[in-house]
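*Asks:* Sequence:
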Amino acid sequence: MQDETYVDGLPNPTEAVLFDKDGTLLDFTGMWGFWTDCVLNDFRDQLATRGLRINTDELPQIWGTFHDDQGRMNGYDVRGPLAMGTMDEVYAVLTWHGYRAGLSWAEAKIMVRECLAQAEEEMEKHRPARPLPGVREFLEQCRTEGVVMGVVTADDTPSAVKHLQWMGLDSFFDVVIGTDLVERGKPFPDMLLLACERLGVSVQHTVVIGDTDGDMEMARTAGAGYRIGIGEPGKIRLADRTIQSFHELLNGGLNR
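The numbers in the numbering used here rise by one with no breaks, and the one at position 180 of the sequence shown is 180.
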């Protein structure tokens, strides 16, 4: 059993804090916007060589993303597949759009994998992961308070660890759980339960911080002690509390 601390004066003692990764620890649009632009631009170019197309006005319908006049991603729907889906689900959605554009299912699967491989090369070159404001300070505060921390993400575990390393945040976390380690991803409770098991903490004394209702539903069904949403007020309906920045949790956010 970990030492008990109290989050913002709440009655539930806190043994651990578990974080979503994308949109919670790191700037979602900055990193996944870069990735999305790489994948979709390559995908559309390859379709064009076959005389097929996906129009710019169709882009938001693929992964629940918003785009500027040049087709660059500049926002996302927190309820959409890019924000809440597993990577396999994201790949499957794009494969469907390739099929819908005129490819065979097999051709679409191959094209998607080729585009993903090219995007990963660009990601390695540019490493666009950036922590959100106040993240590092809050992680340091949690560590000082003796609270153990972990990451539970819809991403695959190796990619999640790599992104944390790019930001220099990996040393803060005692466990990183991706969808590849469990039978069911978010919004099911499997990842959270596995993280708590590996940390040796009580689910009831765990705080979960995330940017979607998928994170909050995972926490609710697992029986987590407290759910904090990060985002615009009213957008994350299942949160016990919503913050717009980790700065709101500093200097008193965790009190013994």
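The hints are simulated quantities; they were obtained by calculation from the structure and are not laboratory data. One or more of the hints may lead you astray.
Claimed, not checked - Simulated crosslink set (DSBU-like; lysine-lysine; CA at most 30 Å straight-line):
(1) K125 / K162
(2) K109 / K125
(3) K162 / K109
The structure presented is a predicted model; accordingly, all values stated were derived computationally and were not measured.
*Asks:* Does each hint hold? Answer for all of them.
*Replies:* Consistency of the hints with the structure:
no., hint, in the structure
1, K125 / K162, "13 Å, holds"
2, K109 / K125, "25 Å, holds"
3, K162 / K109, "25 Å, holds"
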